[in-house]
Amino acid sequence: MGSVYEAKQVFNEMPERNVVMYNTIITGLLRCGMIEESKRLFQTMKETDSISWTTMITGLVQNGLGGEAIDLFRQMRLEGLAMDQYTFGSVLTACGGLTALEEGKQVHAFIIRSDYKDNIFVGSALVDMYCKCKIIRYAETVFRRMTHKNVVSWTALLVGYGQNGFSEEAVRIFCDMQRNGIDPDDFTLGSVISSCANLASLEEGAQFHCRALVSGLIYFITVSNALVTLYGKCGSIEDSNRLFNEMNFRDEVSWTALVSGYAQFGKANETIELFERMLANGLKPDAVTFIGVLSACSRAGLVERGQKYFESMLKEHRISPVPEHYTCMIDLFSRAGKLEEAKSFINKMPFHPDAIAWSTLLSSCRLYGNMEIGEWAAQSLLELEPQNPAGYILLLSIYAAKGKWNDVAHLRRGMREKGVRKEPGCSWIKYKSKVHIFSANDQSSPFSNQIYAELDKLNQKMIEEGYVPDARSVLHNVVESEKIQMLNYHSEKLAIAFGLIFIPHGLPIRVVKNLRVCVDCHNATKYISKITQREILVRDAVRFHLFKDGTCSCGDFW
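Going by UniProt numbering, the first residue of the sequence shown is number 1, and it counts up by one from there.
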């Protein structure tokens, strides 16, 4: 009932206490987070059993003290006490939480020599531990060798795939689970929907949405939150908002999912309004919430508002900034052209910026033509990650924009000598359950003739509407006509042309790109949306761009 003090009073007044009573009160204290008192009581016990030790190990894990739990497990082993599935399950959870692979392998070796090597509970815990330690192949091996599997076992592997970046495999595992007659619970369904969100796979995600409605799992907050995230990451922010409003109960994750969705769409005012409503409803934002709010401020150029939120995060909400928050602040200053302020902010940071932060600053230096800070950012990035092509490419852009072709040639030579290669840009679009991938000047598609004819036709119409190609992103010292020719068939333009040909009118064209969309393609897509009267949604490496009637949702600020 949560009346821990009354429980302690009854316990203290008892004339005699046995091990069961001690175990009971220790369990209650641990559930209430009274760690030190639990330890003292455990140490005063004249007689302990396996349950006493397992209770302490489990309680320490649940209170975030995984290291102490592992140490206690070692002592329990030295005492020669019998261990059960709950003991092994708890210590494996501790190993996974700490990504303590070596300790986890030692526990696994001990399990193999015990009577629990075929236990379904222990097997599921092993799968989960190896997934959290990012050794997915070990998790797969344990899973395959399990003689019996339940929904927990399947979910452990599914979640592991998703958390380790193998979202497609996570979806496959879900389908395999269903073929094996295992019905998903809310956690399983929420996890596979999250994998669809990571893939930006709206079609598959919508199918799982239907599954949630039919099964009734839609009423579990785990599933609802995953769906809000799914539609936000797939660019359907209206659907995300509708689902959020339909929820009977919302927690911090629900609010954060919608805040992040609006932020990625560049809807700064909506993001800030939602965040203020969240605070007004008495909900506590976390670090992820603030990443969404700060990124929204940076993409809308709200420098003062962003600074205010950054300060309140630490002072009012007691949240210590992590690298992502500092990157948002660097982005905030840089995008607004306040490059000196960005440099000053970096010099005052408690640690060195990561590669993303340096790339962010360098990108803005390219945009605003600041050679001095750009070279400083590039040098810092190359010192941090010598093989990262981003630093070279962005610095090349700055030199090319200034017409410093000798510097461009020197930098290219350095890239060749160090074996640094630029990641090729590619875009993809899904049609009839098949993904069609395009690279610049790609003619490998069986529909290439139609695609190129469509682009040539569009290009003529765009020029008539006032479109002027922007060749600043071409990093080659060639004549202007050749630069324009290079721009005409960028990967996103090919994917958009494919969509115009095959996606029925009335449906939006959804394109994903692995890099940031270039200035020329962004400008051209605005014209295409106006000429064709189509909605075009482009998800690049940074954010969503919804093109409609000749405008973009980002307000040309990305």
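The hints are simulated quantities; they were obtained by calculation from the structure and are not laboratory data. It is possible that some hints are incorrect.
Lysine-lysine pairs mimicking DSSO-like chemistry, simulated, CA-CA at most 27 angstroms apart [said to hold, decoys possible]:
{"no.": "1", "residue 1": "Lys-348", "residue 2": "Lys-308"}
{"no.": "2", "residue 1": "Lys-308", "residue 2": "Lys-343"}
{"no.": "3", "residue 1": "Lys-432", "residue 2": "Lys-418"}
{"no.": "4", "residue 1": "Lys-149", "residue 2": "Lys-134"}
{"no.": "5", "residue 1": "Lys-418", "residue 2": "Lys-402"}
{"no.": "6", "residue 1": "Lys-418", "residue 2": "Lys-457"}
{"no.": "7", "residue 1": "Lys-105", "residue 2": "Lys-46"}
{"no.": "8", "residue 1": "Lys-418", "residue 2": "Lys-404"}
{"no.": "9", "residue 1": "Lys-402", "residue 2": "Lys-338"}
{"no.": "10", "residue 1": "Lys-348", "residue 2": "Lys-338"}
{"no.": "11", "residue 1": "Lys-457", "residue 2": "Lys-530"}
{"no.": "12", "residue 1": "Lys-548", "residue 2": "Lys-434"}
{"no.": "13", "residue 1": "Lys-8", "residue 2": "Lys-39"}
{"no.": "14", "residue 1": "Lys-308", "residue 2": "Lys-430"}
{"no.": "15", "residue 1": "Lys-308", "residue 2": "Lys-284"}
{"no.": "16", "residue 1": "Lys-343", "residue 2": "Lys-402"}
{"no.": "17", "residue 1": "Lys-284", "residue 2": "Lys-315"}
{"no.": "18", "residue 1": "Lys-46", "residue 2": "Lys-8"}
{"no.": "19", "residue 1": "Lys-430", "residue 2": "Lys-284"}
{"no.": "20", "residue 1": "Lys-404", "residue 2": "Lys-338"}
{"no.": "21", "residue 1": "Lys-343", "residue 2": "Lys-315"}
{"no.": "22", "residue 1": "Lys-343", "residue 2": "Lys-404"}
{"no.": "23", "residue 1": "Lys-105", "residue 2": "Lys-117"}
{"no.": "24", "residue 1": "Lys-461", "residue 2": "Lys-402"}
{"no.": "25", "residue 1": "Lys-432", "residue 2": "Lys-530"}
{"no.": "26", "residue 1": "Lys-134", "residue 2": "Lys-117"}
Consistency of the hints with the structure:
1. Annotation: proposed proximity of Lys-348 to Lys-308 holds, straight-line Cα distance about 17 angstroms (limit 27 angstroms).
2. Restraint check for Lys-308 and Lys-343: satisfied, since their Cα atoms lie roughly 19 angstroms apart, inside the 27 angstroms limit.
3. Between the alpha carbons of Lys-432 and Lys-418 the distance comes to roughly 42 angstroms, so the proposed pair goes past 27 angstroms and is violated.
4. Only pairs whose Cα atoms come within 27 angstroms are accepted, and Lys-149 paired with Lys-134 is accepted, the gap being roughly 21 angstroms.
5. For the proposed pair Lys-418 and Lys-402, the alpha carbon gap of about 25 angstroms is at most 27 angstroms, so the pair holds.
6. Between the alpha carbons of Lys-418 and Lys-457 the distance comes to roughly 42 angstroms, so the proposed pair goes past 27 angstroms and is violated.
7. Annotation: proposed proximity of Lys-105 to Lys-46 is violated, straight-line Cα distance about 33 angstroms (limit 27 angstroms).
8. Between Lys-418 and Lys-404 the alpha-carbon distance is near 22 angstroms, which keeps this suggested pair within the 27 angstroms criterion.
9. Straight-line distance between C-alpha atoms of Lys-402 and Lys-338 comes to about 20 angstroms, which keeps the hinted pair within the 27 angstroms bound.
10. For the hint linking Lys-348 to Lys-338, the alpha-carbon distance of about 16 angstroms falls within 27 angstroms, and the restraint holds.
11. The suggested pairing of Lys-457 with Lys-530 holds, with an alpha-carbon distance near 14 angstroms, which does not exceed 27 angstroms.
12. With a CA separation close to 25 angstroms, the supplied pair Lys-548 and Lys-434 stays within the 27 angstroms bound.
13. A threshold of 27 angstroms between alpha carbons decides the hint, and for Lys-8 with Lys-39 the separation of about 15 angstroms falls inside it, so the pair holds.
14. Restraint check for Lys-308 and Lys-430: not satisfied, since their Cα atoms lie roughly 41 angstroms apart, outside the 27 angstroms limit.
15. A hinted pair counts as satisfied when its Cα atoms are at most 27 angstroms apart, and Lys-308 with Lys-284 qualifies at roughly 17 angstroms.
16. Note on Lys-343 and Lys-402: the hinted pairing holds, with a Cα-Cα distance of about 22 angstroms set against a maximum of 27 angstroms.
17. For the suggested pair Lys-284 and Lys-315, the alpha carbons sit about 14 angstroms apart, so the restraint of at most 27 angstroms is met.
18. Our distance criterion of 27 angstroms between C-alpha atoms is met by Lys-46 and Lys-8, whose separation comes to about 18 angstroms.
19. Distance restraint check for Lys-430 and Lys-284: the Cα-Cα separation of roughly 38 angstroms exceeds the 27 angstroms cut-off, and the hinted pair is therefore not satisfied.
20. A hinted pair counts as satisfied when its Cα atoms are at most 27 angstroms apart, and Lys-404 with Lys-338 qualifies at roughly 24 angstroms.
21. With a C-alpha separation of about 23 angstroms, the suggested pair Lys-343 and Lys-315 falls inside the 27 angstroms cut-off, and the hint holds.
22. Our distance criterion of 27 angstroms between C-alpha atoms is met by Lys-343 and Lys-404, whose separation comes to about 24 angstroms.
23. Proposed proximity of Lys-105 and Lys-117 is supported: the alpha carbons are some 13 angstroms apart, at most 27 angstroms.
24. Restraint check for Lys-461 and Lys-402: not satisfied, since their Cα atoms lie roughly 31 angstroms apart, outside the 27 angstroms limit.
25. Under the criterion of a C-alpha separation no larger than 27 angstroms, the hint pairing Lys-432 with Lys-530 is consistent with the structure, at around 26 angstroms.
26. Distance hint between Lys-134 and Lys-117 is fulfilled; the C-alpha atoms sit about 22 angstroms from each other, no more than 27 angstroms.
When held up to the earlier numbered hints, the structure conflicts with 3, 6, 7, 14, 19, 24 and fits the remainder.
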